[in-house]
Amino acid sequence: MSATLPVVASLFGSIPEPMVQWVVWPTIKFVIAFAIIMGIVAFTTLVERRVLGFMQARLGPNRVGPQGILQFVADPIKLLLKEDIVPAGAQKAAYFIAPMLPIIPAFLVFCLIPFGPPPTFAITDVNVGLLLILALTSTGVYGIILGGWASNNKFSLLGGLRSAAQMVSYEVPFGLSIVGVLMLSGSLSLVEIVHRQELGVWNVLPQLVGCFIFLVAMTAEVNRAPFDLPEAESELVAGFHTEYSGMKFAFFFLAEYASMLVNACLIVILFFGGWTLAIAGKGLTTETMQTMGWLGLSLGFLIFAAKVAFFMILYIWFRGTFPRYRFDQLMELGWKWMIPLALVNIVVTGIVILLVRNGGA
Amino acid sequence: MTDPLMLTGVSLALFVIVGAIAVASSILVVSMRNPVHSALFLLLTFLCVAILFVSMGAEFVGAVQVLVYAGGIMVLFLFVVMLINVKALPKEKVFTATSMMGVLMGVLLFIILAIILASGTWAPAVNAPENLRTAVVVKTTPVVDAGGATIQTETVTRDVVGNAEAVGMALYRDYLVPFEVASLFLLVAMVGAIVIGKRELDASEEEAIPEFIAKKVSDEDRLKEVTGA
Amino acid sequence: MIPTSWFLILGAILFSLGVLGVLTRRNGITIFMSIELMVNAVNLTFIAYARELGSLHGLMWVFFIMAVAAAEAAVGLAIFIALYRHRETIDVDEANLMHW
Amino acid sequence: MTWADLLFLLPEIVLSIGGCLLLLAPVIGGRNNGVAAKWSMLLLLVATAAAIYVAAGAGIPSLALGTLFVADPFAVFFKLLFVVVIAMITLLSAEFLEDGRYSAWEYYSLMAFALCGMMFMASGTHLISIYVGLELLSLASYILAGYYKNETRSTEAAMKYFVLGATSSGILLYGMSLIYGACGSLHLEAISQAVATMAGNQALIIGVMLLGAGLCFKVAAVPFHVWTPDVYTGAPTPVTAFLSTASKVAAFAIFARIFYMGLHSLEPDWNSIIATVAALSMIVGNLAAVTQTNVKRMLAYSSIAHAGYALLGVLAMSEIGLQGVLIYMLVYAFANIGTWAMVMLLRRREYAGENVDDFDGLHKSAPLYAFAMVVFLLSLGGIPPTAGFIGKYYLFAAAISAGYAWLAVIAVLMSAVSMFYYFRLVVAMYLKDGAAADVIPSRQVRFIVIVCLIATLTLGILPERMIRGAARSIAPIVNLASR
Chain A
1 MSATLPVVAS
11 LFGSIPEPMV
21 QWVVWPTIKF
31 VIAFAIIMGI
41 VAFTTLVERR
51 VLGFMQARLG
61 PNRVGPQGIL
71 QFVADPIKLL
81 LKEDIVPAGA
91 QKAAYFIAPM
101 LPIIPAFLVF
111 CLIPFGPPPT
121 FAITDVNVGL
131 LLILALTSTG
141 VYGIILGGWA
151 SNNKFSLLGG
161 LRSAAQMVSY
171 EVPFGLSIVG
181 VLMLSGSLSL
191 VEIVHRQELG
201 VWNVLPQLVG
211 CFIFLVAMTA
221 EVNRAPFDLP
231 EAESELVAGF
241 HTEYSGMKFA
251 FFFLAEYASM
261 LVNACLIVIL
271 FFGGWTLAIA
281 GKGLTTETMQ
291 TMGWLGLSLG
301 FLIFAAKVAF
311 FMILYIWFRG
321 TFPRYRFDQL
331 MELGWKWMIP
341 LALVNIVVTG
351 IVILLVRNGG
361 A
Chain B
1001 MTDPLMLTGV
1011 SLALFVIVGA
1021 IAVASSILVV
1031 SMRNPVHSAL
1041 FLLLTFLCVA
1051 ILFVSMGAEF
1061 VGAVQVLVYA
1071 GGIMVLFLFV
1081 VMLINVKALP
1091 KEKVFTATSM
1101 MGVLMGVLLF
1111 IILAIILASG
1121 TWAPAVNAPE
1131 NLRTAVVVKT
1141 TPVVDAGGAT
1151 IQTETVTRDV
1161 VGNAEAVGMA
1171 LYRDYLVPFE
1181 VASLFLLVAM
1191 VGAIVIGKRE
1201 LDASEEEAIP
1211 EFIAKKVSDE
1221 DRLKEVTGA
Chain C
2001 MIPTSWFLIL
2011 GAILFSLGVL
2021 GVLTRRNGIT
2031 IFMSIELMVN
2041 AVNLTFIAYA
2051 RELGSLHGLM
2061 WVFFIMAVAA
2071 AEAAVGLAIF
2081 IALYRHRETI
2091 DVDEANLMHW
Chain D
3001 MTWADLLFLL
3011 PEIVLSIGGC
3021 LLLLAPVIGG
3031 RNNGVAAKWS
3041 MLLLLVATAA
3051 AIYVAAGAGI
3061 PSLALGTLFV
3071 ADPFAVFFKL
3081 LFVVVIAMIT
3091 LLSAEFLEDG
3101 RYSAWEYYSL
3111 MAFALCGMMF
3121 MASGTHLISI
3131 YVGLELLSLA
3141 SYILAGYYKN
3151 ETRSTEAAMK
3161 YFVLGATSSG
3171 ILLYGMSLIY
3181 GACGSLHLEA
3191 ISQAVATMAG
3201 NQALIIGVML
3211 LGAGLCFKVA
3221 AVPFHVWTPD
3231 VYTGAPTPVT
3241 AFLSTASKVA
3251 AFAIFARIFY
3261 MGLHSLEPDW
3271 NSIIATVAAL
3281 SMIVGNLAAV
3291 TQTNVKRMLA
3301 YSSIAHAGYA
3311 LLGVLAMSEI
3321 GLQGVLIYML
3331 VYAFANIGTW
3341 AMVMLLRRRE
3351 YAGENVDDFD
3361 GLHKSAPLYA
3371 FAMVVFLLSL
3381 GGIPPTAGFI
3391 GKYYLFAAAI
3401 SAGYAWLAVI
3411 AVLMSAVSMF
3421 YYFRLVVAMY
3431 LKDGAAADVI
3441 PSRQVRFIVI
3451 VCLIATLTLG
3461 ILPERMIRGA
3471 ARSIAPIVNL
3481 ASR
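Residue numbers (our numbering), protein chains in the order written: chain A, 1 to 361; chain B, 1001 to 1229; chain C, 2001 to 2100; chain D, 3001 to 3483.
Excised from the complex, chain A in its bound form (with noise of 0.2 Å):
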């Protein structure tokens, strides 16, 4: 690793090996990565905007620059000098901390995702990484239950309820939607997933269920409509967040949105073959990017942020498209629906790949 930058690297040189290739590269790439995905996330706000404005055949913002450019600037800027006000009977800590519990799990898991080719675009590579993963996401939820509770609101709790009830049901899908591809590539760990994508064929294909129950609980998880209860604007007002304003309230949102991130990643990762575009061993795979040296690494990176750009628009096109659930109906489609086929797609995929075991024989 300390290779590709010797000269960075000897800066380090009065640190102890191990100090370095465990702590310091991996903060200096996670500060470059915060940084970057600061702003794809306030990026990502503006192009929700002109997307669904698109799609509604209106213009969206655009007068901040040239196209409303610069609205992803302006954005943030007036939610840092907003008033921030603390409603009358909130609970105090609760109430301040809460904005601040979901940004962390949705930063952290960033450590654990490779961006590109690696080592250069994986922070770490851990062999548990996608459990880490599954486990840091499922503690994203505190936030928004805390919020809801601390408000001393009917509609923030009601909210901050709904979002439990629901965070914890499509917890499941998104798991059980996963074991196919681990019971395909055999391991835990993304780069290895990838790997083995790259010598079949994108996992999309053989697990096209399992692929589908993943994009639905993706989009619940992350409270998106169509499943976007929680903050239903027409029925909660806005739900666990109505009674924050300012940068807390822009922490939420910064949350929602790296959430959103770190699952088009998933998706992108687990299921269309990550930074490569190969099959069968043939074609950009991660050994070619490796010895194309930085023009390859770059490349994989390029080629899994267009991927990643795709499912990000396709969180906004689902809400420009799909009237929101009822409650009910969301809680029967998780349990009754996505849960029953999640399993029937594990069992189906242990059965053709002990067939395909013994047949090979």
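What the hints contain is simulated information worked out from the structure, not anything from laboratory work.
No false leads were mixed into what you were given.
Straight-line C-alpha distance at most 20 Å; calculated SDA-like pairs for lysine to any residue: (1) B:K1198 / D:R3153; (2) A:K336 / D:I3028; (3) B:K1198 / A:E332.
Label-pair distances were calculated between CB atoms; the ranges are: (4) D:Y3053 / B:R1033: 57 to 65 Å; (5) B:E1180 / A:L354: 13 to 21 Å; (6) A:R357 / B:E1180: 17 to 25 Å; (7) B:I1017 / A:K154: 36 to 44 Å; (8) A:I69 / C:R2085: 54 to 62 Å; (9) B:V1103 / D:A3050: 52 to 60 Å; (10) B:D1221 / A:V344: 24 to 32 Å; (11) A:F34 / B:M1190: 36 to 44 Å; (12) B:A1024 / D:V3412: 51 to 59 Å; (13) B:I1017 / D:M3198: 32 to 40 Å.
Just so it is clear, the structure is predicted and the values come from calculations on it, not from any experiment.
Positions of the beta carbon are idealized from the N, C-alpha and C atoms, including for glycine.
For chain A, the structure is supplied; the task is to place chains B, C and D on it using the hints.
Relative to chain A, chains B, C and D alone:
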């Protein structure tokens, strides 16, 4: 192994800090009046314990600890505390005279346990710590036999693999039946939670349910009804 | 390497605190949280011993304990909800239809 | 894992599949069809019993299963006893469930899963298999105790049972974790070998004490008995019958197996504690029962005392002691279920005949039932012509031969005390006039009363088969302990 957590200084600092947070927050769990605060400190304790698991080389269990406790159980706790609206609970006196007995017993228990456990007598280690990552690995390799036909041969070895693989092999080979029993009691829990938690509606409440929900009218029919088409 | 007995004593502290909580608190849900604390102390002890002994069996226990904890949480909280519906309280002392 | 292993696990497999089918059955069987549910459950139990016979002859399983479970005669004895007891409780429950307010299918399904858990407990030779079985039983029991969710006291019972049960599970687990550290394994045979070489290891001793405390909770022995009266009173009566027989018998099965197979060489360290617990259970249980006017509460305290008697058999650490435990569990189950059936037979308004004065003048309105009740009470008290005498004889003899004469004296004295409060019921039935509660003519409950009556008398008068069966069942465990 180049695990950074094996570095003495780092791991010592990690243990002291994380352990201190765990103890402090668990004291707060049992002393906070508001169950929501208790639940949040319990969550913190769980996360600290998960970090300690990872520091002991059981990263798979650590991840599962976060997933199960933080992602599932504590959300459920908070959900219920909020559902039955915690503010309606009467103020609970935490340290009354009778509860001092409990404190005394807890402290006494700790002293006994600490004296005994500090002496550090336990069974001789059966293996080196790497054994947490060792599993029986069955590899099938095609071998061409004398007649020219390809046959699969199985080789069974004990390899050092990841913690996840080792745990998986043990769970599905040695502990298969208890694992199945675990699925049974999870089923029982699910059925039981529904049986106990579901409220039977009485007659007046049943009337209050809109027809389209009670009768499960499909959305298309409802649309027709609303639009009059 | 941190000595195993340190982890064991940390486990003992958490376990004792859990017992203390069960004995002193009167709020059903907080008692349940104290029980979860005890169970976590058990997990910690098992893993500490598993590392010391170099055997996977301690890890297996933690999985089963977690499964049980999840199942107990579901059942227990459902019971608390049912009780709250009757009594509007989850104070275990006020659940006194049948005196202790 | 081979097909032979599946055969070995056949009863549990049949039962768990059957339990799942019971959950799915309402789709075709009708939501409120309690009768269909009852017959389905009985059919399942018959299938299970058949499977136990088949599995018992299936031979040794492969290594993967054999280390965690056995199908020795000890396990088979308890499994068959569980099936019989659950079958009787199924019939007792039927009437309560027929009015359709509470779903019968889920009830029986939970009962089937509980039975499955008990069977795993009986055959487990590794603490993990015992623990998962125990939890399966406990979870189902919490739910069953609160099954009458529209009644506050049932829900309260569930809450108390749950809170205290979960606490005891935590204590049990901590004990197991310390034993694991001391012995390096949790297989009972491995524990037994490790324990023999490490007498005086304090971590091990405190682990065993915590484990014992958890087990004492499950069998409802003093000082871990506080939940018993409330839960027994609050839970629906058939569930109380389940808790006081099936659940307690299962707990004793693991109590006996763990102590005889795993911890026998540690006996000097735990015998005084178990002796104290046994003495306290007999004294507290019987004395507290004297003052009760509610029959359910009285029987609850009496069941605490019975746990004390049965502990004598564990304490004795001898062939005759273990035999005594098995015999006592068998006769206790029949007498106790008979008593609960009588409680259910009497109805005053909504509730079963819960007060002592509900039995007033029963002799006149229903002489057969009054006689049956007397036999059950005599059996619980341990009076000669009934089966209870045989059980107590073995237990007391074991205690004396193991050098616990003082405990045997306490046991005899306390049996005399128990006869005092049992006879309050007899006096009410035979000597008092007054409005007895209605005897609800339910065929199933009457059937159970007759079956229990016949069993109690037959086992008391012709006990040879039972004694021989018990002797055969304990053989593998006693061989281990004496090694």
